[in-house]
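S.K.: Sequence lines, in order, name chains H and P. Note that the working numbering gives residue 123 to position 109 of the first sequence, counting from 1, and the numbers run on in steps of one. Note that the working numbering gives residue 117 to position 103 of the second sequence, counting from 1, and the numbers run on in steps of one.
Hints listed in this document are in silico derivations from the structure and should not be mistaken for laboratory results. You may find that some hints are simply not true.
[As the list claims (entries may be wrong)] Not the full set, but computed from the structure, chain H residues with beta-carbon under 8 Å of chain P:
| no. | residue |
| --- | --- |
| 1 | Gly41 |
| 2 | Phe151 |
| 3 | Glu160 |
| 4 | Thr167 |
The structure presented is a predicted model; accordingly, all values stated were derived computationally and were not measured. Even for Gly, the Cβ is constructed at its ideal location relative to N, Cα and C.
Residue strings, one per chain:
There are 2 protein chains.
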Amino acid sequence: MVGRFGRGVLRTADERAESIPSMGELGLNHFAPYLLNRVAASWNADMSEELKRFDVTTLKMRVLAILSVSSGLAINELSLFAVTEQSTMSRTLDAMEEQGLIRRRPRADDARVRETSLTDKGAAAFAAIWPMMYGRFREMFEGVSEDEYQAFTATLHRIIENMRRSED
Amino acid sequence: MVGRFGRGVLRTADERAESIPSMGELGLNHFAPYLLNRVAASWNADMSEELKRFDVTTLKMRVLAILSVSSGLAINELSLFAVTEQSTMSRTLDAMEEQGLIRRRPRADDARVRETSLTDKGAAAFAAIWPMMYGRFREMFEGVSEDEYQAFTATLHRIIENMRRSED
Chain H
15 MVGRFGRGVL
25 RTADERAESI
35 PSMGELGLNH
45 FAPYLLNRVA
55 ASWNADMSEE
65 LKRFDVTTLK
75 MRVLAILSVS
85 SGLAINELSL
95 FAVTEQSTMS
105 RTLDAMEEQG
115 LIRRRPRADD
125 ARVRETSLTD
135 KGAAAFAAIW
145 PMMYGRFREM
155 FEGVSEDEYQ
165 AFTATLHRII
175 ENMRRSED
Chain P
15 MVGRFGRGVL
25 RTADERAESI
35 PSMGELGLNH
45 FAPYLLNRVA
55 ASWNADMSEE
65 LKRFDVTTLK
75 MRVLAILSVS
85 SGLAINELSL
95 FAVTEQSTMS
105 RTLDAMEEQG
115 LIRRRPRADD
125 ARVRETSLTD
135 KGAAAFAAIW
145 PMMYGRFREM
155 FEGVSEDEYQ
165 AFTATLHRII
175 ENMRRSED
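Pulled out of the complex, with its shape left as it was, chain H reads as follows (with noise of 0.2 Å):
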């Protein structure tokens, strides 16, 4: 299949090796990187936003979520998941330890790792974030359909693949 503009975005490696097509000929609506950084800057502008009122910075409000769903993180998987540097992810959970959203303590096996869990406190917090982002992200996807919401997020999967493969 061809692209919008006569041919297609994504070209053979053969038809590469002649030559690239420019920036231009491409179309920046056309270069999902430039689509993904205004999608992910927006959503990041209106939580930080949105949580104001919740006293929780969006870093913050990313520890909750994932601690809700992962109990017992490490400090380098939490920066994993919550895409931070580690230096940042320690003063954050500091912070929270300090507010008592957190807690934190060694890991059975490995006394080193410590590891980190929401207090009642914590998963209160995030209880009453959770619908206004649940709204926002809604409305994010309004009239995208389950099959084409399911097709969106499998497309994501494999970039974030091929993005670790990559790093290898």
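Starting from the structure of chain H, add chain P where the hints point.
M.R.: Only chain P this time, still in chain H's reference frame:
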């Protein structure tokens, strides 16, 4: 169609009125905003690393890319496309003008607006960067068919449209 957890991630308004699924029920890997953030952050980290050898920041690269597609943009248009604050964009344009990468001049029909365009040096700088960027983009979508890619960007356009509407 039902989702991978035995029901749809996106449910109807009727169902929603009764109760909303928890983050844990959806699962992080089925929550698109989380996946979008991971992909965008990973792309940006890769770019920032790759761009070091071109002695250009991610934001400057975005300005070069955007102007290579649409010349003569005003600062508010550039800020929108580069998903950055206008104040940050203003400082970046000052630096790029000093480096001889861009030029600014009053718009013909409205002298209060300054139009930005690439100099030959700026165009050459982007021409040097683009093959690396295009290569990374190809790696990112390795194994994704043209049809899948078109569906993916169509969903991204839909999301951008939804987010724009909710800002009004």
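S.K.: Now look at each hint and say whether the structure bears it out.
M.R.: Structure-based check of all given hints:
{"no.": "1", "hint": "Gly41", "verdict": "holds (7 Å)"}
{"no.": "2", "hint": "Phe151", "verdict": "holds (6 Å)"}
{"no.": "3", "hint": "Glu160", "verdict": "holds (5 Å)"}
{"no.": "4", "hint": "Thr167", "verdict": "holds (6 Å)"}
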